[in-house]
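One-letter residues, chain by chain:
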Amino acid sequence: MQTLNRRTFLKFSGIVAGSAALAACAAPAAPAPAAGGEQAAAAQEQALVTYLVRTDIGTGMLEWNDKAVADFTEKRPDIKVEMIGVPWGDYNAKLLAMFAAGTPPEISANYAAGFATFYSNGAITPLDDFVAGTNTDLSIIEQAAINAVTRQGKMWAMPLAHMPVLAFYNKAMFDEAGLPVPPTDGNDKSWNLDKMLEAASAMAHDVEDPTKAAWGMSFPTGQLGAYCWRWGFDPFNDKGGPELTEAYQTGKVTEAFYDRPEMAEFFQWHIDLTYKHGVAPRPSDTDAMTQTVGWPIMSGRLGMAVDGAWQFTNFVSVKPEWEWGVAPLPYGPADLNTPPLFNDSWMLSAGAKFPEAGFDFLKYLALENGSKLYAEMTGFFPANKENYGIFFDAIQAIPSFAMTREGIEEVFNTSFDLGYPTPGKTLESFPEWNTAFNQTTAPMMNNETTVAEGLVTLQTQMETIIATKA
Amino acid sequence: MATLDTQTSRPNSSGERVRGRGRFAPSLRTEEAIWFYIFLGPWLVAFLIFTLIPMGASLVLSFARYNAIQPVKWIGFQNFVLLYHDPVFWKSMRVTLLYTVIFVPLQLGISMMLSLLLNLRVPGMRAMRTIYYLPSILPAVVTGLVWVWLFNPDFGLFNFLLYKIAGIHGPNWLGSESWVMSAVIISGLWGMGAGVIIFLAAMQGISPELYEASELDGAGLWSQFLNVTVPMLSPVILYNLLIGMIGALQTFERIYVMTRGGPNYASYFYNLYLYDNAFGYFKLGLASAQAWILFVVIMLMTFIALRTSGRWVFYSGGR
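Just so you know, the sequences run in chain order A and B. If you're matching positions, the first sequence starts at 1 in this note's numbering and goes up one per residue. If you're matching positions, the second sequence starts at 1 in this note's numbering and goes up one per residue.
The following block holds chain B by itself, in its conformation from the complex (with noise of 0.2 Å):
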């Protein structure tokens, strides 16, 4: 009969752990740096094979004219240079970013709200926290088709409510250049749901103690949730910003449901053009030139985020 035996290995002088194996056997160290690698190993092969190569591919493929059928023309920099002289280039970039600067703080702000309403210990809140975490777990294309429905100026919910409530007709939330990017950032903040999540895990990783000594210290509750939830939540705050910076950076799905990019690229997202340049134009290499330019966008503002977050990340077990 099998037994599971914890205790095969002894220290050795120096503290080190070695087997009792016989004397060619490899050293402890030796022995699990291998089996770490052979645990590692298929996550490895497909990082490599799903990930690094065709990112290395593609960086190819940004100097080259590439439309997956004809072979690869090199070019040099002219992707990148017919992307500096395009205005679509720009306006999708603008389009992008503007919805970052705006959508990710909101998104920020709105999830730590509700994850302190979510903290509170009332009776229900359970099925709440469940509730605002649905939106999250349903695919884009979906709520996409939703939104849609609820924007629809004449048949969707919200002019529907807006004439009813204040007698006022509303928008063509998706037909207007001014009023698109509001109602994507609104389907947008629709699923904040995951980010709701991490706040709340973390509200509940901060020590009642806290609190406590605060309130001795005759701080309300504005006072407490400024100089305790804040700096105590400032790690997740962080780690929330760069994802959600690099989720807006990507939008795509839910802009190729609702509006296409339109009226007028007014909603036209970076990556709904690298898509349509990649699969509706036959330009894959100039969409691989758009990608590796993302790419570089990206890591610039995370590697801003990271180096500013240490005058307002407070890490309790120190930096």
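Extracted from the complex, chain A is given alone in its bound form (with noise of 0.2 Å):
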């Protein structure tokens, strides 16, 4: 009789244990080849483009990548796109570990660091040799969107969208309210701060109660303190606004001047907002609109809001039932309206295994079909200039949008007129310095601590990372 004895049963368990674990930290097996010589041979040519794509920015881009994708490798048999989808908070670090691994995903985005970010660390390949290789014609991409990612004379990333900071506004508030809604050119000095503030207090009410509480308008300070510009002056430099900062232009900042008495005023009147004239919600009751709706205006209960272009994209997926409308941002008390410009651009990683391919599809998503979609689809204003009318086209079929294709087509144009690029797409390491803006103006905001002294631990801090990258 063949016997089975218990230590023969627990070696033969072991084993096949063992091998189970093996195999499943072996490679995949390669396919079987194709039936048939010829597609063998072309199933090995095929380029692989990985993609690297954010899984949390609204149905609209989700459905462009997918859509995009598809178009092109119809059209391109010979290149497959693998996407691979993270959300925001987990992109760069995502990017990094492909890098570590030593294989960097072909394309990817600027989103998280900034486009100058990426440049400074190495990660991406000037496009210009692909773009003289190719014939590309660039001169449909909007010049600024073009500049923002050219560094030494090269150009560094391709731009798909270039949006300006703009005021979003609630006309069915506006409308309750017995007001005449902001006006759409960016050059009428009569929309100023003060004509904001007045609106906004006209359609604020019960701002204690948030249970009914509606607030007149958020306005954020901006990327680093940006929005300041519209007083006169720029966090980097001590002569004048962001067009005298060195920083942005080098991408490395080397002097701040947080601690300034105009610098107090600018964040005495953001803070005033909320706990003086009481029209804008505090920091927590942000938190909980942004966290059921999303974006606070999306609640029906603010009147404006200030933020970039891109939160068209809310419209575009909720599509709200109240009417709606775009402003360009008020005068400041300088007298000036300077909007910061913010671009999104698509890189091509540096050691990328198929770079070729990567630039196709590039070429594909910012100057042919793919840039058509991503203007209709996305909610982002295309850099294409091509597509601009696509794009307005696509806000106005939102039946709550209540403006004339005139009127949405000046705020775009005179805001692009006046703005400049903001410090998240133009300095190098700005995670670090958000990062620390943020913590260190966090007590302000909430109004526990003066301006004065909050003024005095952000200088402080940031004068401790420019002596540290020093």
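Just so you know, these hints were derived from the structure itself, not from any lab. We put the CB at the ideal spot given by N, CA and C, even for glycine. Treat the hints loosely; a few may be bogus.
As the list claims (entries may be wrong) - Examples of chain A residues lying across from chain B (beta carbon under 7 Å, computed):
1) 96
2) 123
3) 442
4) 443
Stated by the list, open to error - The calculated SDA-like cross-link candidates involving lysine to any residue, where the alpha carbons are at most 20 Å apart (straight line), are:
5) B:91 <-> A:431
6) B:91 <-> A:434
7) B:91 <-> A:353
8) A:469 <-> B:65
9) A:276 <-> A:214
10) A:212 <-> B:163
11) A:94 <-> A:62
12) A:353 <-> A:47
13) B:73 <-> A:101
14) A:469 <-> B:83
15) A:171 <-> A:181
16) B:73 <-> A:122
17) A:94 <-> B:252
18) A:276 <-> A:207
19) A:94 <-> B:256
20) B:91 <-> A:456
21) B:164 <-> A:211
22) A:469 <-> B:70
23) A:469 <-> B:76
24) A:94 <-> B:50
25) A:75 <-> A:372
26) A:363 <-> A:142
27) A:94 <-> B:141
28) A:94 <-> B:70
29) A:353 <-> B:70
30) A:94 <-> B:257
Unchecked claim - Facing chain A, a subset of chain B residues (Cβ under 8 Å, in silico):
31) 67
32) 68
33) 70
34) 72
35) 86
36) 155
37) 261
38) 262
39) 264
40) 265
Bring the two chains, given one by one in their own frames, into a single complex with the hints.
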């Protein structure tokens, strides 16, 4: 009789378990070659473009990624595009992990860290040789957007979106308060901070009762306080506006001027909106609304919200029932209206395995049908000038959008004329500056400390980082 | 037909069991050692690949400037010097140690008290035990989001109850430098189910004879708790202390979701700064140095706890 003792049984089990574990660790076997030599050869020649995408950016953007990839691969069967989806918070971590593993994605976007950070860390490849090699015509891309990704005379990324900061408004609340909506011309100086505050005061009510409250406006301080440009100065020079800041050209911050009296005025104005005039939600109210509706104005209880033009994505996704519109930023005390300009650019990784195929995909996304789909589906304003009309059509197709075509065009055109690239897209190591700014200004914005004390803390922290980098 | 035979070896003259199959077969001890390593092999390989080698790599990188993109550049002790002069590093260390010093004793005390209650024989106790354990198996991100809501100064449950019951306008829990640490500690205590279960299991292992004997000696409930329960639980207290301390020093996800370290770094835990340096600022070398400093701190605190444990831990079978 054949016997199986306990020891043999355990040995056998151990071998099976060990083999299974090793097999699980092993690389997957190569796929079986397709029938027919030609098909096998074609499969081998197919370039694989890995494409790192954000998954928490609105339904329109997600659908666009899927549709653009499907459309591109149908046109270019020699290229396979593999999308890797990660949320905003994990985007950098995933990107770095892919670099560390020696398999950087061919294409990624300058979301979390900003273009200058990727540039200064050697993460991206200049596109000039690919542009020249493929006779690519870049004249259809907004020149300001190209300038924003140009360093040392080379273009380091492909702009897909180019967006000013605007003042979105809830027209239904304006109507209810019997107010005219803001103008569409960014050169109209009658639209200023006083006027905005007056309108906000007329719309705000019951702000102490969160169950009934309606607020007139939300007006953050901007990236590193960039909205102070309308006060006629900049945090990183002591001479004037952003055009005099060398750091925005070089990417390197060497000095900061947060502790000056003008900055105190700027912060005090913003804090007073909440704690003196009672027209803006407290940070905790904003957090609560952000958690529930994504962006506070979508709650229908906020008259105006100053934010980047990418917030059209919310209207594209949610399509609110109440009427809404958009205006340029109001003029500030220095009679200036300088909206920060943002660009979303897609980048070709340094060390990518298939750079040519990657560039072809970039071209498709920014210059060909991908860009048309982008303007139509995402709610992001395209950098491709040929598709401006598609974007405006898409926004006008939202039933509650209460503006004329000429009106929204004027808002964008004049804002672009007056704007300046935002620090987040021009400064190297922006996340580090941004963390320091957000951390140290929070007690001021929560009315837990005075502006004077808060700005000393902010200045000290900025100087510490500058010293570290030196 | 195969049957299991459990007796195929016999003892030799020295008492060692040997196989009865041929003279060139390895001794049972050698054979068992071989099989020991074969069984342990997959775990050892995984430990080597996923823990030991990355640890070694991070030690090497702590002496380098590295961003995962460009080649490693050796800079000696510069990362450690940089951290020594970095006020945010010291702030994050202070925040983490303060949290550990307050949170761990609270967690130990409350979980022990809860396990005493859950050890009672009353109807529905099994359900209660499950309920108390449930928070421990929920992802930290989910619980973090729930706590953000509970602590909201305008819409949150805590301030609502404070106002309704006592007419008090509650604090801005997560937005105030003075209150944020309290909020973080309260939210941390919610997930102490694992400690409760371990205490409960240990309590059920205490011999009833000890209580009977102490009762005959005239001990009351409090005296029994101090002189029987606590000494008998002391090995488990030590275990929970070590695990709680290590967990507290490594706090990350909940804070990442709840406060992002704010306001003004008041809840900027060590691991949050480490994460920001590594994945936010592309400073993987500096982050590696931070990781090793934390490792040394944890080792040191564990060593101190173990060295002093001889004075207060009672092992019924001897040390």
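Cross-check of the supplied hints:
| no. | hint | verdict |
| --- | --- | --- |
| 1 | 96 | 4 Å, holds |
| 2 | 123 | 5 Å, holds |
| 3 | 442 | 3 Å, holds |
| 4 | 443 | 5 Å, holds |
| 5 | B:91 <-> A:431 | 19 Å, holds |
| 6 | B:91 <-> A:434 | 18 Å, holds |
| 7 | B:91 <-> A:353 | 42 Å, violated |
| 8 | A:469 <-> B:65 | 13 Å, holds |
| 9 | A:276 <-> A:214 | 16 Å, holds |
| 10 | A:212 <-> B:163 | 17 Å, holds |
| 11 | A:94 <-> A:62 | 18 Å, holds |
| 12 | A:353 <-> A:47 | 9 Å, holds |
| 13 | B:73 <-> A:101 | 18 Å, holds |
| 14 | A:469 <-> B:83 | 13 Å, holds |
| 15 | A:171 <-> A:181 | 7 Å, holds |
| 16 | B:73 <-> A:122 | 14 Å, holds |
| 17 | A:94 <-> B:252 | 18 Å, holds |
| 18 | A:276 <-> A:207 | 12 Å, holds |
| 19 | A:94 <-> B:256 | 17 Å, holds |
| 20 | B:91 <-> A:456 | 17 Å, holds |
| 21 | B:164 <-> A:211 | 15 Å, holds |
| 22 | A:469 <-> B:70 | 18 Å, holds |
| 23 | A:469 <-> B:76 | 17 Å, holds |
| 24 | A:94 <-> B:50 | 17 Å, holds |
| 25 | A:75 <-> A:372 | 15 Å, holds |
| 26 | A:363 <-> A:142 | 15 Å, holds |
| 27 | A:94 <-> B:141 | 18 Å, holds |
| 28 | A:94 <-> B:70 | 16 Å, holds |
| 29 | A:353 <-> B:70 | 16 Å, holds |
| 30 | A:94 <-> B:257 | 18 Å, holds |
| 31 | 67 | 5 Å, holds |
| 32 | 68 | 4 Å, holds |
| 33 | 70 | 5 Å, holds |
| 34 | 72 | 11 Å, violated |
| 35 | 86 | 7 Å, holds |
| 36 | 155 | 5 Å, holds |
| 37 | 261 | 7 Å, holds |
| 38 | 262 | 5 Å, holds |
| 39 | 264 | 5 Å, holds |
| 40 | 265 | 5 Å, holds |
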